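**Student:** Assemble the complex: chain C is given as a structure, and chain G must be docked to it using the hints.
Protein sequences appear in the order of chains C and G.
What the first sequence shows, in our numbering, is residues 130 to 672, in sequence order.
What the second sequence shows, in our numbering, is residues 52 to 302, in sequence order.
Hints in this document: simulated from the structure, not taken from any laboratory.
All values derive from a computational prediction rather than experimental measurement.
Be careful, since some hints might not be right.
Keeping only pairs whose Cα atoms sit at most 30 Å apart, straight-line, the calculated DSSO-like set for lysine-lysine is [said to hold, decoys possible]:
1. K573/C to K488/C
2. K573/C to K258/G
3. K573/C to K101/G
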Amino acid sequence: MRHARSSSLASLLMLAATAAPAQTGEGAATGVTAAAIEAGLADPTRWLTFSGDYSGQRHSPLRQITRRNVHRLAPRWTFQAGTYARGRGFETTPLVDDGVLYVTGSNNYAWAIDARTGRAFWEYRRTLPDDLTYGASAPVNRGFGALDERLFMVTLDAHLLALDRRSGAVLWDVELADYRVGYAATLAPLVVEDKVIIGISGGEYPTRGFVDAYEPATGRRLWRLHTVPLAGEPGSETWPSDASAARGGGGTWMTGSYDARLGLLYWGTGNPNPDYQGADRVGDNLYTASLLAIEAATGRLRWHYQFTPHDTHDWDSNHVPVLATLPWRGRDRDVVMVANRNGFFYVLDRVTGEFLLGKPFTATTWARDIGADGRPIVLNEDGSGGCLPDAHGGTNFNPPSYDPRLKLFFVNARETCASFHSQPVQYAPGQATTGGVVWADRDKAFGALRAIDVTTGDIEWEFRYPQPNLAGVMSTAAGLVFAGDQEGNFTAFDSTSGEELWHYQTGTSIWGAAAMTFMLDGRQHVLIPSGSVLFAFALPEER
Amino acid sequence: LLVAWLALSLSIDAAESTNPFENDEAAIRIGNALFAGRCADCHGPDARGKLGPDLTQRWARGETDESAFRVIRAGVAGSSMPPSVAPDNEIWAIVAYLRSISVVPALVSTGDANRGRALFATECARCHKVGGSGGALGPDLTSIGAARSRAALTTAVREPSATVALGFRAVEIRTRGGDEIAGVVKGEDAFSLQIQTLDGTLSAFAKRDLAGIARSTDSPMPVFDAARITDTALEDLLAYLGTLRGAPRQP
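Next up, chain C with everything else stripped away, as it sits in the complex (with noise of 0.2 Å):
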């Protein structure tokens, strides 16, 4: 390996060479510092936390790729990674720092590969047990954490782990939950000064959700928040029963987002279970299908707001959610926003959780409106009242991007026609708890990026796929929006218009990934994973 600019392997090299105890001793201040995460896209050599930076917008200020240029992009390297998740995707988004790239995959391997050749540096992969429950259907990872040199990574049997990023070896590894009854974890952890934050996966199982804080140097618990309370705290009363709530879902397992002044996190959660059966959870079953304020320091609740009370769909809330600052009835409000899964786009004032805006993004005939109160007017529970987005909904977990200048919200939505219809459940331990079926048309269903004004919840432009898709987005400051699909395509698009610039088959559906970009050696790279490959993209160097 020969490189005329390879800092990264040079010292990767003297680390190597050196390596001792001190290397990770206190106040080695090397690798990535809670700081620079705070920083966020500041650096544009680096991409060091899932969504780029704490706001969730994934927008990116690099402008050498431009409107003008983007249709010369070209692959430099892919990295074939050789594991495969069945009906699902390469989800993860990868973290740069110095040249080297942090990325996880399917099956619980992660790699360190050089950004400049997609050469791997080492490859980690988990001896995962062969009785996994949630993670066995879905065995993917949405990417590391980082701090220090470690990376952090959550696992299919529901573990945390922390990794050495110079050799991939374990330095720490915890049990978040047995998953033996259904647990399991996917998300990339979020870290937060000096904690990791996680949240776990299994909803479709009788599980009850949690976001944990963990110490980065020793993997010790800090504080878990339930997503779903108990006899005697609040929200309780949403429930039939202690057994109701005791196996009630509330998954989260999306990364949430951050606002450092206020020492917030907003985490999303997901379905109630048994997913489609409402008949034995009776009550708007909190905080399922919700966005949680939580205190960062002590992980108190400080507000929740739920979006789809009483959940019989499947409508997950674990979106990534995405914090600005907006102009509101003549003064700037903090807020958060979200693009649901019910089909609805929401604005929340985000110290608050006061309702500002909920408007439909897709052809839900759900809900009429969202109540000044912010409670849904439900008209069309089961989909016998007209089409409603399917079980995985107007939208899903795959990243939005917003662009503050241009103050549009970039999401792929979906377009599906479905019905619901709920069955009767047996819990058991280890058993998916779906509770009924959801049949859907598919020859009425399409895809659509689409743009929205988040001042007014209105669609300023749409670009129409053939099928929906669960498809990640990012949007640049030289006004692109880079958007993946179900038919494989890696597109660029002009964020004011919505016109295609420039796009590449990818060759399988990318699903549930976004984009992320950086500079390196001067030239703005744009990673895709898709299948089993990562792809990075960079426009012809001149010669």
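**Tutor:** For chain G alone, kept in the frame of chain C given last:
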């Protein structure tokens, strides 16, 4: 339907050794929906195979509902077929659905299979292949007699547009140059269309080069009504199609 399901699912015993939903229409519909969500990605929307094998031939090979249940429950070691943790009733419903679309008993017909073969050669073979010879526009019919009931075959001849699988739906396109081309849609993304023209040629177009795309959920197959194929001739054709049961699969 919900009521029917309630009654059924309450009667299920986890230790059941025969399928409690055999031939049960309500359960088959539920199994169809479950299959579409969980299995179709690999086995294809019609279970006739994609990344994973064709599941409609199992029963013809002597496999049972119970063996299908066991495979779904345990997965297939060394393949990408994972074990399932779904409740028993959901797996049985999927098995009932698969069996409902699977190979059928030998077709009974009063017709003459030899006359049917001759009719097939003149009316059908331009588009349909049997045992390696014939056209390429329509589905290969080498084992259709094992896959479709008499009623389904009759409908397929008399009303070909009643059910049309993806990949066989008619489309007419007009290029910016003014050419009009008819065929079936084999694939499509936001920017391109892959079609097979009526003469069997594979042809792809960039959507930006097209002035119009007229889609249909119909089949381009002609309607063979009684004026075109008499009821007697149809009996002969059915007798011939009934003999097309393919080659037994090697285990």
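**Student:** Taking the hints in turn, state whether each one holds.
**Tutor:** Each hint, compared with the structure:
{"no.": "1", "hint": "K573/C to K488/C", "in the structure": "22 Å, holds"}
{"no.": "2", "hint": "K573/C to K258/G", "in the structure": "21 Å, holds"}
{"no.": "3", "hint": "K573/C to K101/G", "in the structure": "23 Å, holds"}
In terms of the numbered hints stated before, the structure departs from none.
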